[in-house]
Amino acid sequence: MNDLFSLTLVTGLLNTMMVLATPFLFAALGETFSQNSGVVNLGVDGIMLLSAFFAFYAVLITGSLILGILAAVITGVVMGLMMSVVSITLKAEQGVSGIGLQMFGLGMSSLLFKVLVGTVKTVSGFPTLSIPLLSRIPILGPILFQHSILVYIAFLLVPLSWWILERSTWGLVIKAVGQNPAAADSRGINVDRVRYLCVILGAVLAGLAGASLSISSLNLFQDNLTSGQGFIAVALVYFGGWSPVGVMWGALLFSMANSFQLWMQVLGVPVPASLANMLPYILTVVALTLSGSRRKTPAALNKPFIRGEA
Amino acid sequence: GGSSEASGTTKAAEPFRIAVIMPSATTDTAFSQSMWSALKTVQADMGGESAVELVYTENMFKVPDAAAAIRDYATQGYNLIVAHGSQYGSSVEEIAPDFPDTAFAWGTDVNTFGLDNVYAYTAAAEQGGYVNGVIAGMMTKSGIIGVTGPIDVGDAHTYISGFSQGVALTNPKATVSKTWTGSFSDVALMAAAAQTHISAGADILTGSSQSVVGSIGAAEKAGAVYWFGTQADQTSLSPKLVVASQVYDWVAMLKEIIAATETGVYGGKTYILTLANGGLKIGFNPDFALPADVKAKADEVIKGITSGSITVAP
Amino acid sequence: MAEKKNTEGLEIGIRVLVPVAGVVAGLIIGALFLIILHARPLEAYGALLRGAVGSRFGITQTLVKATPLLLVGLGISIAFRASCINIGGEGQMIMGALSATWLALALSGLPHFILIPAVLLGSMVAGGFWGFIPGILKAKFHVNEILSTIMLNSIALQLMNFLLQGPLMDPKGIEAGTYLAQSARLSKNAWLTRLMPPTLLHSGLIIALVMAVIVYVLLWRTTIGYRIRAVGLNPAASSYSGINVPVNQAMALTLAGALAGMAGAVEVLGVQHRLLEGLTSGYGFTGIVAALLGWLHPLGLIPASIFFGGLLVGADTMQRAVQVPSALIGAILGLIVLFVSASGIWTQQLIRRIRSRREQL
Amino acid sequence: MSSAERTSADHIRHMEMVNIVKTFPGVRANDGVSLDVRTGEVHALLGENGAGKSTLMRQLYGMYQPDSGEIRINGEAVNFRSPADAIKAGIGMIHQHFMLVNTMTVAQNVALGRKSTRGLRLDLDVVSAEIRRLSAEYGLHVDPDAYIWQLSVGEQQRVEILKALFMGASLIILDEPTAVLTPKEVDDLFVTLRRMVAEGHSLLFISHKLHEVLAVSDRATVLRDGTTVGTRLTAEVTREELVKLMVGREIKEPEIRAPGEGAESLAITDLRAIGDRGNEVLKGIDLTLRSGEILGLAGVSGNGQRELAECLAGIRTISSGSIMVEETEITGKTLTERINMGLAFIPEERMRDGAIGQFSVLENVFLRDHSDERFSTSIFLKLGEMEKHSTNLVREFSVKTPTLDTPIKNLSGGNIQKLILARELSRNPKILIAAQPTRGVDIGASEYIHKTLVERRDMGTAILLISEDLDEIRTLSDRIAVIFNGQIVGVMNRNEATVEQIGALMAAGTH
Ligand SMILES: Nc1ncnc2c1ncn2[C@@H]1O[C@H](COP(=O)(O)OP(=O)(O)OP(=O)(O)O)[C@@H](O)[C@H]1O
Ligand SMILES: Nc1ncnc2c1ncn2[C@@H]1O[C@H](COP(=O)(O)OP(=O)(O)OP(=O)(O)O)[C@@H](O)[C@H]1O
Ligand SMILES: [Mg+2]
Ligand SMILES: [Mg+2]
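Residue numbers (my numbering), protein chains in the order written: chain A, 1 to 310; chain B, 1 to 314; chain C, 1 to 361; chain D, 1 to 511.
Bound-form chain A, shown alone (with noise of 0.2 Å):
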């Protein structure tokens, strides 16, 4: 191989995993504050299918992508209440009403999908945007500032939500409650309410992630588009110990790993696919374990809040 061509697989490498770690991080930072304030929300693949699907469909009849974002926003306000009522205000077991929502999201998007649309269409979504100057750095500017918005956005939430959950008043009233939601409550915060801000909060992350994969890197709707995802980006919520800074290592390895057994298949490395296709997977489980990361799982997760009940 020539130096140009190990160039170009550097930058496609790196550009590929930026893209499809974007959904993963919207959906598992979400996931991160819901899991911080104690709860376990399934349901997160069936919220991005939902989302992503109502921002395509406003897309598809408006042609506004502002308007495809606000489906999204919208629809996981809804999904994120709906969870809320069921594991919060009716004190649910979280992995039956996750995984109901999840069924839910499925069984909605492409019921929705059938009766309004039918077929599969694109939409034109949310272009590139080459941020001017640092795009042309050389290897860097293709990698990181050749992306569209919702990549950015993705990106910045990590510090953000590092923020609010390590800096600020809210994550430490967060955290409390995901650890000890007696105390918590005992200093006259409202535990429910927190948790219900925080999964709703979650859920529109989630549907962000439906719509960056919807309107923002596929421009479609197809039944099952996700293809799991959202189980995935839970998944790296507990890689990431429930941090957002390990949940973007986390995303990132993932999505490296993919882009990586993609490019071992272009290049002929005699590999069966299938195998290929288990990198990431093997990765992600692998680095954890080797990497020897023991942060403590909220003491409180899965756990509904009674007040006077130890």
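Possibly wrong hints are sitting among the right ones.
Unchecked claim - To give an idea of the interface, some chain A residues facing chain B are shown, with a C-beta separation under 7 Å as derived from the structure: (1) T16; (2) L20; (3) K114; (4) V120; (5) L213; (6) N219; (7) Q222; (8) D223; (9) L262; (10) W263; (11) Q265; (12) V266; (13) G268; (14) A273; (15) N277.
Think of the hints as simulated: they come from the structure by calculation, not from any bench. Since the structure is predicted, the reported quantities are computational estimates derived from the model, not experimental observations. Just so you know, even glycine gets a beta-carbon here, dropped at the ideal spot from N, CA and C.
Start from chain A and add chains B, C and D with the ligands according to the hints.
Chains B, C and D with the ligands alone, transformed into the frame defined by chain A:
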């Protein structure tokens, strides 16, 4: 609904009742949709809903569910039950003997289990693949052609096999590189796969049809990258980029089966869609300016396969 | 004494009726969708009921569906009892199905009564191994099991893809040029006995019921079960009592995998008679729902999985009867799961009220 | 605590709870309870475990709503729907079970729920400075940057008090605040409390220790089975009278005979271990324990007691040293092996380490012995034997429980502790390590536990009694050792030890 419309009319006017069971949605722009639209065409050609009653069950990726559906339809007295998925074979084999007056058609496979009320059908996808390959070989400038798909089985496998042979005929130096994503629904990964091919220099892409939706976006962003389709005519998805598609046309086969059942023959025959019997067609994009010599070569190859002078291994 | 018995009956009644009310609530919202899609709700739900329990075929089909749900759910229950959230039912089932197919093909010469136990055992080992991996990763490296089981699901799926494209692909398909993603058909002596031909009901149901009893005994009558439950409820007190927490959690995950593996084998030997893409889809997740609806109790799981199986079967019938897109069924099922999980709080409150009334008597 | 914050809440001059009724399913926890508190008053609340004290206070703090009855502040009826309402009204509460977030620092816990001086940005440095100032002022020494999980129970209690001071409440509820404090700390706390009272605060004070109640309170209300038995002016009441009101009978602490010369059964030599914070917490412990004696280990919590107990149990690895049981070195042995050699443990935190809340009483009896051949074949549990054994234990140790199937969390603290004691003693251990065996347990149950420990001593068991309750140590122990900063700084016989001497050793580690 629609099971009661024909009541009150004479026996001769009773509609022919068809039920179809499909592994994915009727809107999958691929395997299931190809059968569903063929059935719709048949219905329209034969005189609409009063002549042909048509019901469907979709997303039956679980075999026991499909088996239940098949039996249910048979019990309800449907005349023809199309089990449109190779995985339904054993269910058809088991259920068909209990309903000797019902015709069953299942594909894609070639096996009728020796039962005289079971038809089998499949498509010789390698033939259309070969034609697509011949055109692609002549059109590539970079000499690099990318193939994407979910997994390397079934008609995806045979299509690509034919395609590679076609490319080798017109452009022996071209490389055909393949990526498989391992998932039928992961469009994002499919798009990334297409993008990767393009980064590696591919100027032509093809793949089994689930991958087209993922690849189009990537291809459109890159500009001058062309797409060859299979299973259904994909021109409408991207009129700029699609050169030609291999189209499965089940209509003729279905009409033949219906005609046979009316003479009391409920099965025992295997249909293989080929270019020769018209089951396979090459749908050229009318808006795509295909160079005349390329078109001529393609026609020549189609003629060769039709006449049997060219054989393509699956 | 008689008084106590009465309220116990009432408690069971509440545990059954409240979730059913949740189902009804889900169906009512579903009815709105049906109306919007120009389908008649009563006709649709009539078909649902008829499909699930209205005929011999319906009932047996429900039981056929309940079988893998029950097996997977049993495993999930063991893991949850050890406070391990096992999302890996899918992958574990695939591993069981892979090993069952491979063994059944390789040992096809053996007589039925040796072959079946051997294959089932093999599938439990394979599924158990797929549960052991997250178990050991959790025990030794503190890798969260939700993460590892989600990842292992995909790895198992790709492994199945790999085998179906090569080593396990049906040679007949290669010969005929169809290259279908399926294994060769198993010889008849590897099939589980049909209990009521021509229905699909097979002896896997009996195996699953026996396993439910075994799991019940395991959890409440053995030292292993005692330790698994202790570890799940209070790891600190358990380790202060000399119970090895990681080892017992790993054990629970392994057992969960073994049961899911068995579910995979039972699907292959009892229903499919070959390995196919899509064999497991969903059972790993719906098994979680069934397990929690059954209060993580093996004996509660039996009605819960039959109920859920019936719902799935009936929903298909409904789709056929009123010709609505099958996606609607998925959406309604999702709503039902949401409503039923939301109804848990009423169940608990009612039972608490009854108990306190009983105590005051 | 800024003065602005303190005055922002309306000052509570008079708080009344009138005819409060609160029912839980199956239990009437409060049945027409009334009490009132005025500015500058310390009002004590007394009663056995489960009498309904915490329930009453939780209603005042807005955690539960009364079924009937009224809460009045300055004559006006109030309705608290949540702690937030109570906090706004100027009520603060130090809970019996700590309300702390373990994974956060002291400063973060204190800052929680409090407005930052920088808007959305946290101002932990400001909070830390304030904590340091208050720590100095009230003698409540804690490191603002330490994580809660690194703190001993006593240190955590100090954080709870700090939190309440921070809130600037005018009425403060203290639910068993002294259960984990040393006499010196209790004295310091009382100084603090008096200062607060002088400033116009009113206090509601719950304790099982009558001398504390007599020392600090102005009035005392006694609850029994959810009803008010009476309110007395502390100045006009005797200890005996209060005990009678609470328990309905008199309480006698066991008499202790001089021990015989037992053989040495546990020898700890130069034991060193690293704590959770990564620093050395045990710095060469030397201690011997003879059979037939109670060795009391006194010390301010956080000086290595918890870690020592964990090393003896084998759930904390030691960095050097030796632990000999009779002639056998046990440092390499697992907990189970140690148990089989005749060791028994009563852990400091009973609900975390000693029992499984959702397990039934019966199941909790077998936490250690479920695989003993008396109660199981190698696989199956012998349910019949288990039931017989636990019925006997429950009867023998007078554990009050509705049935053997009752989840243990529904038992009162005293009864849970009795069951743990029963479990540990049922195996006739040669050595018993008992950490804080009567913390938070009412007088009646404490008496019972003390009596049982002495009986066992007389039967030849070697008992290491780890306690922060100096009275308990001095009544029960044959010898007293004092631990300070990870070292044993003194061992003396009971009759030669004075409170002042022990206190001095505990505080400074010097004679
Ligand atoms: N959340 C609850 N649910 C049900 N019953 C409860 C609850 N909290 C308390 N109880 C019941 O109320 C009674 C009084 O309990 P409470 O906690 O007020 O006692 P207490 O006087 O504080 O005891 P202690 O001295 O042990 O702290 C108990 O007997 C218990 O059965
Ligand atoms: N959820 C509950 N259900 C039933 N009873 C409860 C519940 N929570 C607490 N209790 C009861 O409340 C009473 C007091 O509970 P509390 O939490 O104050 O423990 P405690 O007995 O004071 O223990 P400790 O000695 O540790 O302070 C106990 O009798 C306990 O049984
Ligand atoms: Mg209390
Ligand atoms: Mg208490």
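Any of the earlier hints contradicted here, and which numbers? Of the numbered hints, all hold.
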